[in-house]
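Asker: Position chain B against the provided structure of chain A, taking the given hints into account.
As they're listed, the protein sequences go chains A and B. Be aware that the first sequence starts at 953, since it is given in the working numbering, and climbs by one per residue. Be aware that the second sequence starts at 201, since it is given in the working numbering, and climbs by one per residue.
These are calculated hints, taken from the structure and not from any lab test. Possibly wrong hints are sitting among the right ones.
Said to hold, decoys possible - Stretch by stretch, here's where chain A covers chain B in the computed footprint (C-beta under 8 angstroms, at least three residues):
id, segment
1, 210 to 223
2, 292 to 305
3, 430 to 437
As the list claims (entries may be wrong) - Capping the alpha-carbon separation at 30 angstroms, the derived lysine-lysine pairs in DSS-like fashion look like this:
id, chain 1, residue 1, chain 2, residue 2
4, A, 966, B, 216
5, B, 288, A, 1063
6, A, 1063, B, 463
7, A, 1063, B, 216
8, A, 1062, A, 1087
9, A, 1108, B, 463
10, B, 463, B, 288
11, B, 288, B, 216
12, A, 1066, A, 1108
13, A, 1066, A, 1087
14, A, 966, A, 1108
15, B, 288, A, 1066
16, A, 1087, B, 288
17, A, 1108, B, 288
18, A, 1063, A, 1087
19, A, 1066, B, 463
20, A, 966, B, 463
21, A, 1062, A, 1108
22, A, 1062, B, 216
23, A, 1062, B, 288
From the three backbone atoms N, C-alpha and C, an ideal C-beta is built for every residue, glycine too.
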Amino acid sequence: MMTAAIVAREVVKKYASVTALDGFDLEVAEGTVMGLLGPNGAGKTTAVRVFATLIQPDSGHVEVAGIDVVANPRAVREVIGLSGQYAAVDELLTGYENLELIGRLYHLGKKGAKARAEELLEQFDLTEAAGRRLKEYSGGMRRRLDLAGALVRRPKVLILDEPTTGLDIRSREATWDAIGELVASGSTLLLTTQYLEEADRLAHRIAVIDHGRLIANGTADELKDQVGGHRLEVTLSDAADLDHARAVLAPIGHGEPVASQEDRRVVVPIAAAGGVLVDGVRRLDMAGVEVVDASVRRPTLDDVFLALTGHRADKAGQNGEGVKAGETKNEESVR
Amino acid sequence: MSAVGLAVGDGVVLAKRNLTRTLRVPDLMMSSLIMPIMSTLLFAYIFGSAIQVPGVSYTEFLLVGVFVQTVVFNSVITGSGLAEDIQKGIVDRFRSLPISPYSVLIGRTISDLANNVLSIVVMVVTGLLVGWRIDSSPGEAAVGFLLLLLFAYALSWILAVVGLSVRAPEVVTNASFMIIMPLCFIANTYVSPEGFPAVLRVIAEWNPVSAVTQAVRQLFGNTNPDFPPGEAWPLQNPILASFLWIVVMLVVFMPFATSRYRKAVAR
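Pulled out of the complex, with its shape left as it was, chain A reads as follows (with noise of 0.2 angstroms):
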C-alpha cells in the first residue's frame, strides 16, 4: 500500500479579511506529482505556507512525510525542500554561493555544502555562471537555481509554489523539463499553478482549490471525464448572436451552453461525439447564424475549471468572464 507524503485535513486559516483556506483536504501518495490548481487568492499559497511550516493553520491536521506540522516543524524542515513563487534567492551572492549558503543551513558542513553546490549547479546547467552574482542572472536561471536551492537536501517531499509564474514561454519550457527529470528520479512533488497546461503536462493527479477549499481530485482525464464526455465549439462571426447561438445549441447539449464574448464562441457540453457537430450547425444555420468555425473535441483542464467552479482557470479567462473576474481580482488584492 502507498503511504502519504502530504494529509491535509479540515484545515483553516483565517486572515483578517480573508478565509484563505476553509476546510481545506489533500492527500498526495509517495513518489507522486500533485499538481494543486487554482485561480490567484484560492489558497493554493497559504496551503503551501503550512505544508512547509511558515505559518500554522487556525484549526486542522497536516502531516508531512508522516510528520506532523504544527507538532513538530522542526523535523518537517529536515525532509522538506520549497521553492517559492517569487524566487527567494539572494541576488547579491553569486549562484555557488546561494546553494553554499543553504547547504550550511542545513548543517551539511563547509565540505558537503560546497560539494552539494557544484554538484547541483552540474545538474542545472549553472556551471558557467555558480561565479556570477544573481542579479546578473536571467528569470529562467534564477527560477532554476531557487529549484536547485529545494533540492540541497535531497527532500523527501519537494514543494514548488507556482514555478513557472512570471516567466517567458521558453524558460517556462526549461523549468518543465528541469522539474520533469525530478519526477523521473521519483520524488514527491506538490506543484500549485495557475496554468492549466502546467498541470497537465507534470503531474500524476489535480487538485482543484477554489476559495480555500478542495473541490476536485483526479487524474487529468479523471476530472475530464467527470465534467462530461465531449464539447462542441462553435465561433461566430457576429458577436450579438451569441445568446441567440446559446438558445439555439441548448437543446442537444447535456448542460448549459456557455457564451465567451471575447473570442465569439460557444461551448456546449455532449455526451457523445457523433453526428452532434452537423445537428448543430444545421440548427444555427436555419437560425440564421453565421458560424466561422464549428468543432468537437475533449474537454481541456480549462473546461474543467470553468464547469467546477464557474469561472475560468487562466488569467486571459479571468479577464474575459466579467462578474466572475472582478471578485476573483478582488480576491487578489486583498492578498
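Answerer: Same frame as chain A, now just chain B:
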C-alpha cells in the same frame, strides 16, 4: 547540537552572508566606512575650530561623541536589513530550512556588530590623524571599546523591533531616525547638557547615550574640566550606568524583537 550552539552557529553563517552583501552594496559600504571618516573630519575641523575653548582641546572631547553617534546611526541597518529580507521572501526560504528560530535575528545583529568594529577602526585611524589621542592605559581603552561595541549591539535589538514593526523597508530608516536623532543629540555627545533647558537637561542626563559617552571619555582619558559631566547619578557613575543600561536594553528588547519577528513572518 544544543539550542544555543545551533542558534549561534546558524547565526554566524547568516552573519557572513549579510557581511558579504554589505561589501557588495556601495551604499552600505559608504555608510559604514565613508560616513565615519567624514563625521570625524567634519566635527574635528568645523565644530572643533568654531567652538574655541581656551587652553583645552575640544577635538578630544568631541571625538568620543562622534564615535558614539556613529555606532548609534549604524544600528539603523539592523532594522532596514531585516525588513528588506522579510519583504524579499528570503527569510521564508531560511525558515523552511531546519535552522534555529533565533538565527535570523542573531545573524543580523552579529553582522551589524562586525560592521561597527569596522566603523570604529576607521574612526580611530582618522581620529589619530587629526590629533586625537587616548590618554589612558591600554586596559582602560580596551574596556572603552568593549563598552562602545556592547552598546551598539544592544541598540541593534531596539532598531530590530522598529524594522520588524514598520516592515516597509523604505519607511524603516525614517522611523528609526525619529528614535535615534533625539537619542544622539539630547545628550552630552557634542556639548555639555548643563546649559540645556530644564526638561531637556534631565532627559540628557538620563539618556543612555550620555552615560556611554561619558564612560568612554573617562576610559579614553578624554574628559575635559571645562566640560563637567553633570551632577546626575548616571554621569557621576558612567561606567556602571552604561553597563546597567546595556543589560536593561538587552533583557527588554531581545525577547521583544523575537516576538515581533514571529509576528512579522507568520503571515
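Asker: Checking against the hints above, which ones are violated?
Answerer: 3, 4, 6 and 19
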